[in-house]
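K.L.:
The residues making up each chain are set out below.
2 protein chains.
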Amino acid sequence: MRGVVMYTAGDVRVEERDDPKIVEPTDAIVKLTATCICGSDLWPYRGIEPADHQVMGHEYVGVVEEVGSEVKNVKVGDFVVGSFVISDNTCEICQAGFQSKCVHAEFVAQTIGTQAEKARIPHADGTLVATPGQPEPELIPSLLAASDVLGTGWYAAVAADAGPGKTVAVVGDGAVGLMAVLAAKQLGAERIIAMSRHPERQKLARYYGATDIVEERGEEGVAKIKELTGGLGAHSVVEAVGTQESFMQAVGATRGGGHLGYVGVNYDVKIPGIELFFAGIHTLGGPAPVRRFLPDLIQLIWDRKIDPGKVFDLTLPLEQAPEGYKAMDERRATKVILTF
Amino acid sequence: MRGVVMYTAGDVRVEERDDPKIVEPTDAIVKLTATCICGSDLWPYRGIEPADHQVMGHEYVGVVEEVGSEVKNVKVGDFVVGSFVISDNTCEICQAGFQSKCVHAEFVAQTIGTQAEKARIPHADGTLVATPGQPEPELIPSLLAASDVLGTGWYAAVAADAGPGKTVAVVGDGAVGLMAVLAAKQLGAERIIAMSRHPERQKLARYYGATDIVEERGEEGVAKIKELTGGLGAHSVVEAVGTQESFMQAVGATRGGGHLGYVGVNYDVKIPGIELFFAGIHTLGGPAPVRRFLPDLIQLIWDRKIDPGKVFDLTLPLEQAPEGYKAMDERRATKVILTF
Numbered sequence: 001m002r003g004v005v006m007y008t009a010g011d012v013r014v015e016e017r018d019d020p021k022i023v024e025p026t027d028a029i030v031k032l033t034a035t036c037i038c039g040s041d042l043w044p045y046r047g048i049e050p051a052d053h054q055v056m057g058h059e060y061v062g063v064v065e066e067v068g069s070e071v072k073n074v075k076v077g078d079f080v081v082g083s084f085v086i087s088d089n090t091c092e093i094c095q096a097g098f099q100s101k102c103v104h105a106e107f108v109a110q111t112i113g114t115q116a117e118k119a120r121i122p123h124a125d126g127t128l129v130a131t132p133g134q135p136e137p138e139l140i141p142s143l144l145a146a147s148d149v150l151g152t153g154w155y156a157a158v159a160a161d162a163g164p165g166k167t168v169a170v171v172g173d174g175a176v177g178l179m180a181v182l183a184a185k186q187l188g189a190e191r192i193i194a195m196s197r198h199p200e201r202q203k204l205a206r207y208y209g210a211t212d213i214v215e216e217r218g219e220e221g222v223a224k225i226k227e228l229t230g231g232l233g234a235h236s237v238v239e240a241v242g243t244q245e246s247f248m249q250a251v252g253a254t255r256g257g258g259h260l261g262y263v264g265v266n267y268d269v270k271i272p273g274i275e276l277f278f279a280g281i282h283t284l285g286g287p288a289p290v291r292r293f294l295p296d297l298i299q300l301i302w303d304r305k306i307d308p309g310k311v312f313d314l315t316l317p318l319e320q321a322p323e324g325y326k327a328m329d330e331r332r333a334t335k336v337i338l339t340f
Numbered sequence: 001m002r003g004v005v006m007y008t009a010g011d012v013r014v015e016e017r018d019d020p021k022i023v024e025p026t027d028a029i030v031k032l033t034a035t036c037i038c039g040s041d042l043w044p045y046r047g048i049e050p051a052d053h054q055v056m057g058h059e060y061v062g063v064v065e066e067v068g069s070e071v072k073n074v075k076v077g078d079f080v081v082g083s084f085v086i087s088d089n090t091c092e093i094c095q096a097g098f099q100s101k102c103v104h105a106e107f108v109a110q111t112i113g114t115q116a117e118k119a120r121i122p123h124a125d126g127t128l129v130a131t132p133g134q135p136e137p138e139l140i141p142s143l144l145a146a147s148d149v150l151g152t153g154w155y156a157a158v159a160a161d162a163g164p165g166k167t168v169a170v171v172g173d174g175a176v177g178l179m180a181v182l183a184a185k186q187l188g189a190e191r192i193i194a195m196s197r198h199p200e201r202q203k204l205a206r207y208y209g210a211t212d213i214v215e216e217r218g219e220e221g222v223a224k225i226k227e228l229t230g231g232l233g234a235h236s237v238v239e240a241v242g243t244q245e246s247f248m249q250a251v252g253a254t255r256g257g258g259h260l261g262y263v264g265v266n267y268d269v270k271i272p273g274i275e276l277f278f279a280g281i282h283t284l285g286g287p288a289p290v291r292r293f294l295p296d297l298i299q300l301i302w303d304r305k306i307d308p309g310k311v312f313d314l315t316l317p318l319e320q321a322p323e324g325y326k327a328m329d330e331r332r333a334t335k336v337i338l339t340f
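These protein sequence lines are chains A and B, in that order. Position 28 (the first sequence) corresponds to 28 in our numbering; numbering is contiguous. Position 78 (the second sequence) corresponds to 78 in our numbering; numbering is contiguous.
Chain A on its own, in the form it takes in the complex:
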């Protein structure tokens, strides 16, 4: 099969890879319908993380081609959406809703690599969710988004305790930030402040439910959020950038007793304990337990109540993955979908 391999930073190739096979009785082989490039794929691309002939990709939708003998919840022919973290969905941690910390957790990005025609998905019953039927083609991008970017933005909004009566501030206008805006709206937030300087993304943020746009960053951004919230700060803040500055901006924008949800941090972020302490806020972060939300997200998409797929602004065939990486690296695209 054809699949993406990153030889080293900046050097992405599409080449022949072995077809995946069932290894464990809990595995499924999925023939992918679409996959995509994640903001986090740019870390090795830019040399921030090491890359040495690494298979790439962790977002995926497709049709089940083969299942192991113990797989019960999905069957051959099912259209499925999977989480970017493998989970058994039965252990105590999964049952508490934290499937990304499952005792069998495994990152699809590191060992499987779904920027490819097919993928072996371990713990298929606990990782994949079948859609109610074969989807209309226009639903594919949205279903794909559920696999990570929507699931992650949704988790960020839940972690920030977004809900009725709440003012939610979203730091970051990348795909995850935009999905957090969508999620905050769905969760019933009263006011949604998108922090963005990018006119096109501001437009999309407003489309997804942002009521206010703040262009200022850092301390000025914090001051602006305070000004908009009677001096108190936002009830709920989503951090969807992951730099030192953005993290501290998010801390500063959260009111005392408020909630900060964060879904990615760079390796060099060091949080000053004393600042976090005196902020007096709740925090919740980590790789999103997408599997917790998948059934509901699939239904919302199926019922055309949300259209997260709009976050993809460039569609390329898998063979042109290198151009997709380049477009995202150069910020010509927010998020690239790869098709077959």
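No wet-lab data here; the hints were simulated from the structure. A portion of the hints provided could be inaccurate.
For chains that are exact copies, the list does not tell them apart, and a pair is met inside one copy or across any two.
[What the hints assert, rightly or not] Straight line, CA to CA, 30 Å or less: simulated DSS-like cross-link-like pairs of lysine-lysine: (1) 31 with 310; (2) 226 with 185; (3) 203 with 185.
From a predicted model like this one, the values you see are computed outputs, not experimental measurements.
Keeping the supplied structure of chain A fixed, place chain B upon it in accordance with the hints.
P.N.:
Below, chain B without anything else, positioned relative to chain A:
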């Protein structure tokens, strides 16, 4: 009146200070019955924080001697317990239960200094709580504990989401850690693991409800907690030390999706963002909103359901405050009560 002043690190004196007077109509003057020395008072004593002729003390119980014209909830003659942070208890932040982040928040330690015969308490209605009557003398230490050390330990346990069915690990066997053990027990925790190497404090921890003692620290301590919890980590972890090592020990001891409550950090603690991220845990910290818990804590003490006062292991008259500081600094005492 007589009161404690810290001239500089290590130099504590009891000397004449001006009697406090009503300044604002929301003030009350309290004649103190007892006060005490806090672990945090040792920071300037040891030169970790600056001290320059600074009034000391922020824990207090006593009898209301005078009230301003707008004070309604307490009256002259009432026996009162107050929080170590001033709050109006009416603003939006207070109403959400985060009185230590009140829009009128003021630290008693910095401006008032309750290691003295009397104290002016601003926002008396929102800061003080009257006991049901004049307390029996043996209740005084416990009521005094509610002012900070019990309230803080209680908050830490609440922040860690301690409750029925939960395994709670407490990092730190100081007075706050011991109070967190007491709180976890009251909140219905199933298992309470005290991390302590000190035989006397282990004994007190068991008295307050600890079911297990772990003597290991750092990574070994984390490994031991994992061993005791089926490899998962504790549901709830209280951090009651405040060093880099103890904070990261607490992070490591918390299971994915679990809760970490922390109630003090040193100025030099830097939390590696990536470690906190991949831990996938809830955190809540900050100066405890003691005022939220005071009515319930007073009632529990009044009904003799809890006896936090046992945490005081040295009683001295105010005039001997310097010896009290010395005893705590040299770890001859866990917590010193000062009487009149």
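K.L.:
Tell me, which hint numbers fail for this structure?
P.N.:
Structure breaks no hint.
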